[in-house]
Amino acid sequence: MKKDKIIKTDKIIFAVAGLLFAAITFATIVKDNVPEWKYYQSEFKYIAAEVAAEEAVSKIPSGIQQIWVEDLDRVDRCVTCHQGIFWPGLENKEQPYATHPQMSLFNDHPPEKYGCTICHGGQGYAVDYISAHGFVKFWEEPLLAGAVASDYNISEKAALLETNCNVCHRYERETKGMPFINHAKDLIQEKACWGCHVINGEGGTIGPELNHIGEKHPENFDWTNFSGFRSAFNWHLQHFDEPAQIVPGTVMPKMGLQTRDRQALALLMMSWKDENLPTKYIPGFRQKEQLRPEESSKRQELLAGDGAFFIEKGCFVCHSIKAFGIKSPTEKGPDLTFALDDTRVRFRQTLQEFVFDPTQSGTMSIIFSTKIILTDEEKWELINILTKANHEYKKNQNNNQ
Amino acid sequence: MQTGSEGAANGRRSFLGKITLGAFAAAFLGQGWTYLRALVPNIKYEPPKKFKVGSPVEFAEGINFIESKGLFIIREGSQYSSISAKCTHLGCTVKYAPLQHAQTVKVGGREITEKYEFHCPCHGSKFRQNGMPYSGPAPSSLPWHKLEIAPEDGQLVVDISTSVDSDFRITI
Amino acid sequence: MTAIMAFLNKLIWSWRPESNREAGDAIVKNFLLHWFPNRVSIKGLSWGYSLWLGTISFTLFLILCVTGVALMFLYVPSVERAYWSIKDLQFAVSFGYFLRSLHRITAHLMVGVVFLHMFRVFYTGAYKKGSFKRSARSLNWVLGVILLVLTLLLSFTGYLLPWDQLAFWAITVGTSIASAVPVFGQMIREFILGGSLIGQNTLIRFYVLHVFFLPVILFAIAAWHMWRVRKDGGLAAMEMVKEESSTTETSDIDEKSSKSYALMGIAKGTSVHIYDRQILTSENSLSSSPHLTRRITIVIILTLLISSVLALLFSAPLEEAANPSITPNPAKAPWYFLGLQELVSYSAFMGGVLIPGLAVLGLMLIPWVDRENKLVGRWLIQPADKKWMYIGAMVGTALTCLTIFVGIQFPSRELLGGIFSSQIWFDILNPATGLLLTMIILFFAARKISGSARTASIALFSCFVAAFIILTVVGTWLRGPNWGFFWPWEIWPEMPVRF
Chain A
2 MKKDKIIKTD
12 KIIFAVAGLL
22 FAAITFATIV
32 KDNVPEWKYY
42 QSEFKYIAAE
52 VAAEEAVSKI
62 PSGIQQIWVE
72 DLDRVDRCVT
82 CHQGIFWPGL
92 ENKEQPYATH
102 PQMSLFNDHP
112 PEKYGCTICH
122 GGQGYAVDYI
132 SAHGFVKFWE
142 EPLLAGAVAS
152 DYNISEKAAL
162 LETNCNVCHR
172 YERETKGMPF
182 INHAKDLIQE
192 KACWGCHVIN
202 GEGGTIGPEL
212 NHIGEKHPEN
222 FDWTNFSGFR
232 SAFNWHLQHF
242 DEPAQIVPGT
252 VMPKMGLQTR
262 DRQALALLMM
272 SWKDENLPTK
282 YIPGFRQKEQ
292 LRPEESSKRQ
302 ELLAGDGAFF
312 IEKGCFVCHS
322 IKAFGIKSPT
332 EKGPDLTFAL
342 DDTRVRFRQT
352 LQEFVFDPTQ
362 SGTMSIIFST
372 KIILTDEEKW
382 ELINILTKAN
392 HEYKKNQNNN
402 Q
Chain B
49 MQTGSEGAAN
59 GRRSFLGKIT
69 LGAFAAAFLG
79 QGWTYLRALV
89 PNIKYEPPKK
99 FKVGSPVEFA
109 EGINFIESKG
119 LFIIREGSQY
129 SSISAKCTHL
139 GCTVKYAPLQ
149 HAQTVKVGGR
159 EITEKYEFHC
169 PCHGSKFRQN
179 GMPYSGPAPS
189 SLPWHKLEIA
199 PEDGQLVVDI
209 STSVDSDFRI
219 TI
Chain C
2 MTAIMAFLNK
12 LIWSWRPESN
22 REAGDAIVKN
32 FLLHWFPNRV
42 SIKGLSWGYS
52 LWLGTISFTL
62 FLILCVTGVA
72 LMFLYVPSVE
82 RAYWSIKDLQ
92 FAVSFGYFLR
102 SLHRITAHLM
112 VGVVFLHMFR
122 VFYTGAYKKG
132 SFKRSARSLN
142 WVLGVILLVL
152 TLLLSFTGYL
162 LPWDQLAFWA
172 ITVGTSIASA
182 VPVFGQMIRE
192 FILGGSLIGQ
202 NTLIRFYVLH
212 VFFLPVILFA
222 IAAWHMWRVR
232 KDGGLAAMEM
242 VKEESSTTET
252 SDIDEKSSKS
262 YALMGIAKGT
272 SVHIYDRQIL
282 TSENSLSSSP
292 HLTRRITIVI
302 ILTLLISSVL
312 ALLFSAPLEE
322 AANPSITPNP
332 AKAPWYFLGL
342 QELVSYSAFM
352 GGVLIPGLAV
362 LGLMLIPWVD
372 RENKLVGRWL
382 IQPADKKWMY
392 IGAMVGTALT
402 CLTIFVGIQF
412 PSRELLGGIF
422 SSQIWFDILN
432 PATGLLLTMI
442 ILFFAARKIS
452 GSARTASIAL
462 FSCFVAAFII
472 LTVVGTWLRG
482 PNWGFFWPWE
492 IWPEMPVRF
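Residue numbers (my numbering), protein chains in the order written: chain A, 2 to 402; chain B, 49 to 220; chain C, 2 to 500.
Warning: the hint list may mix true and false statements.
To be verified - As a list, the in silico DSBU-like pairs of lysine-lysine whose alpha-carbon atoms are at most 35 Å apart:
hint: 1; chain 1: B; residue 1: Lys194; chain 2: A; residue 2: Lys94
hint: 2; chain 1: B; residue 1: Lys163; chain 2: A; residue 2: Lys380
hint: 3; chain 1: A; residue 1: Lys32; chain 2: A; residue 2: Lys94
hint: 4; chain 1: A; residue 1: Lys60; chain 2: B; residue 2: Lys163
hint: 5; chain 1: A; residue 1: Lys192; chain 2: A; residue 2: Lys217
hint: 6; chain 1: A; residue 1: Lys289; chain 2: B; residue 2: Lys163
Think of the hints as simulated: they come from the structure by calculation, not from any bench.
Here the structure is a predicted model, which means the values were calculated and not measured.
Throw the hints in and build the complete structure from the sequences for me.
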């Protein structure tokens, strides 16, 4: 009967569908539980055991690891696989287990303040080989490793990294460990690029401004007369070689640059980005109070003069010192020019006795014990300066009279 | 009305029925697990537990409150120590309360002279200078943190993931 | 003690009725027990008749709700965080990529299946009143069209949320169409976006619409839609069943009158489903429980199964983070709007406002254009209908290809730019207008020749479907950078990169 057949097939389809659904659910769970990084993490335990004690090895964290740099708004999960970066002794291991080749860089660039991708490029969020190294569509910052460098016939593996270094170090004329960029900066001065272009905020207007040329989207370059692999970096390379060939009618002269010069300059161009960096990340960038000219020259004078000691230690806040032309803003305490005599009169102590044991004066005992703490050497320096000041001041007074 | 083949209520379930039911139960448990597991965080957006708080000379003698990190750095001459400002009751930030006159109290069989205490604004817990609670609901002492000196720039490094004895001092 | 027991009993009263009346009420009032009719016709139950597209659509909607709620816990609707929370889903959240892919693939499937459901209902003539008293299938057709629009809106609002280039520019293109509305265009667009640019204001609007307003409205209307199916006497296949059974015995069913259950309780008068007993016999029907419920469960499970497999195979795309200053090339709307985008490339007003407006209106009005109350609930069987279906489809195909050809070869602005200067002329004189006019002509020609509004509707609808499919295919696969035409074997020019 037709109905019986319907019911029977339905029951079988029902069971098969249920089983298949259970199977696909199982597959989903399995797939999620075998990510690439688990393999690297388990391998690393064996590799670490070669150079470290068992206790340290047992403390190696597992699961996705990340460095979150709030100031830079960066999340770098590189350390999920590259677990050996901070382990000395693994220099010769293969990636991703090796020690960072330049551990000394971490002194000035602590990983928790910088992360990885700000220097190396790549996709910090990702945790699989291809996506994390940024060799995927829709990720604009690939890992600037040797592979990319060799594509452009650059022999130094780390050359491209300098581009990222210079995003922060752009205002430094010379930076240690950045030969390419340093060379490019030499060329900028040598060829006087600033004559035609605005660079770092200053320069001529004959050519386009280059403040943020590294930010220019690859699609916005002129590709009409370009042949070869279309990348912004390659565009710069070819353009530095033959400007007129890439941009017909340009007034930019051919500079006669060698291959290395062009590579260095192209890297420099790429580094001039408009990254939103906190100022504390930019070397040489200090926010300072802007003083009026007379104020700043006066401060210079005070700091350079004989009374510099009293300015640096903060004594001048309460004490004037006529002998050095220091006028206290509050004049709470006596003029220190006469300290040599004052201590005798007020505390029946020599200056030396008072400086080493200021208990006779309530205020000074607190100040010397908690606020202005002087070493013995500094105390002797203080006594000598004050003694000399006293004598010289008196001598001058006498001479004047 | 119902023919024999349609009547399903024949007491015992068929073998096929059992398989189907089992598969369904497994599949739905598995699906439910994926949803729940997705909500268990694998990563945390939190500041590191070990951080620099500044150069030792920058700290004034006595107690210094590090607002952003919720802890106190105590300087006694060249000796430094660090105590958490997080109340052990429900996590409010305790306040430093200086005493009018230094007093000597017996805490845990030892006599200490204290110049200040820590008071919690939320539920009135009070802690001695060494972090021991003596009043209010707080169940345990304020933890003392391990201090280190960063080798590269000499800054003080606080490690809040480990707690140390209240006698812990680092001398610079 | 007894008071406590009494209180506990109150909590579990429905499990343990205290009287026969309560036991009876528990059954009568139980919504779930009345979800399905007592018996269901074998025709209606068959795989081939309805293709179960309605059930599949609603299942997809439920999957979207469940995955959507899970995603809501993990997604942050802010311009700064949205994209990166998707990256987290993709890489760091357990099953995150699966939930997202499932949500995305299910959304695409739902749009597709809802369209197919509409095609099925049209070709079976299920929007017609039929022979049941008080049936209102035409109303249900209108509800269905509204559900289609809601589905598109839900999908469209969700499209923005990942905040990547794909999302940002698809929504830019999509919402710019709104500004082609005469006079009020700019106002409407600003109302949709919450400003003149897509930004945080737009993101939060789309988010709230996507996770709350639209799903709630869609759920309510879908519930009404399904309830109406019961009130209209089941699937339109019942008309066939009735015809077949009335030839044998039950000729007097229309005279019987009985009580009926309305939404709020028992109502006097006749309702359609009470005829079930006379129409549905032990020969041509099965009891709903367990045969209908089993089949529905099978459909649900298969839907889940297929979407899960697709989600595992194809991960949802995520492009670069949204960048308002760089337009990706090409910038495409979601696939179901690519047909419109193709037309919009000729004229924003014609392709973006008039044609879609007429299409939705026309779809809604089908039951009133075609009032012939015959052949209800049957797949096309008449040779004339079949013939006109093919004619319509072929005309649609040829016409659309011609439209695209003309659009590429003879751009109206270049040809007529010297003659006209006002935009109005370009809105009128462009290939899209030709497409629209030819369709209208086709309808009247078919009606004149066949003498049947139903046949003419079939021709027009088939033409519309063919045009929709071809425009969508062209927009999806054959349009490349600068909206240029590329054959599938032609390689798109490589987009330049940084390094």
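Results for each hint:
no.: 1; hint: B:Lys194 to A:Lys94; result: holds, 33 Å
no.: 2; hint: B:Lys163 to A:Lys380; result: holds, 29 Å
no.: 3; hint: A:Lys32 to A:Lys94; result: holds, 29 Å
no.: 4; hint: A:Lys60 to B:Lys163; result: violated, 40 Å
no.: 5; hint: A:Lys192 to A:Lys217; result: holds, 23 Å
no.: 6; hint: A:Lys289 to B:Lys163; result: violated, 39 Å
Violated hints for the displayed structure, listed by number in ascending order: 4 and 6.
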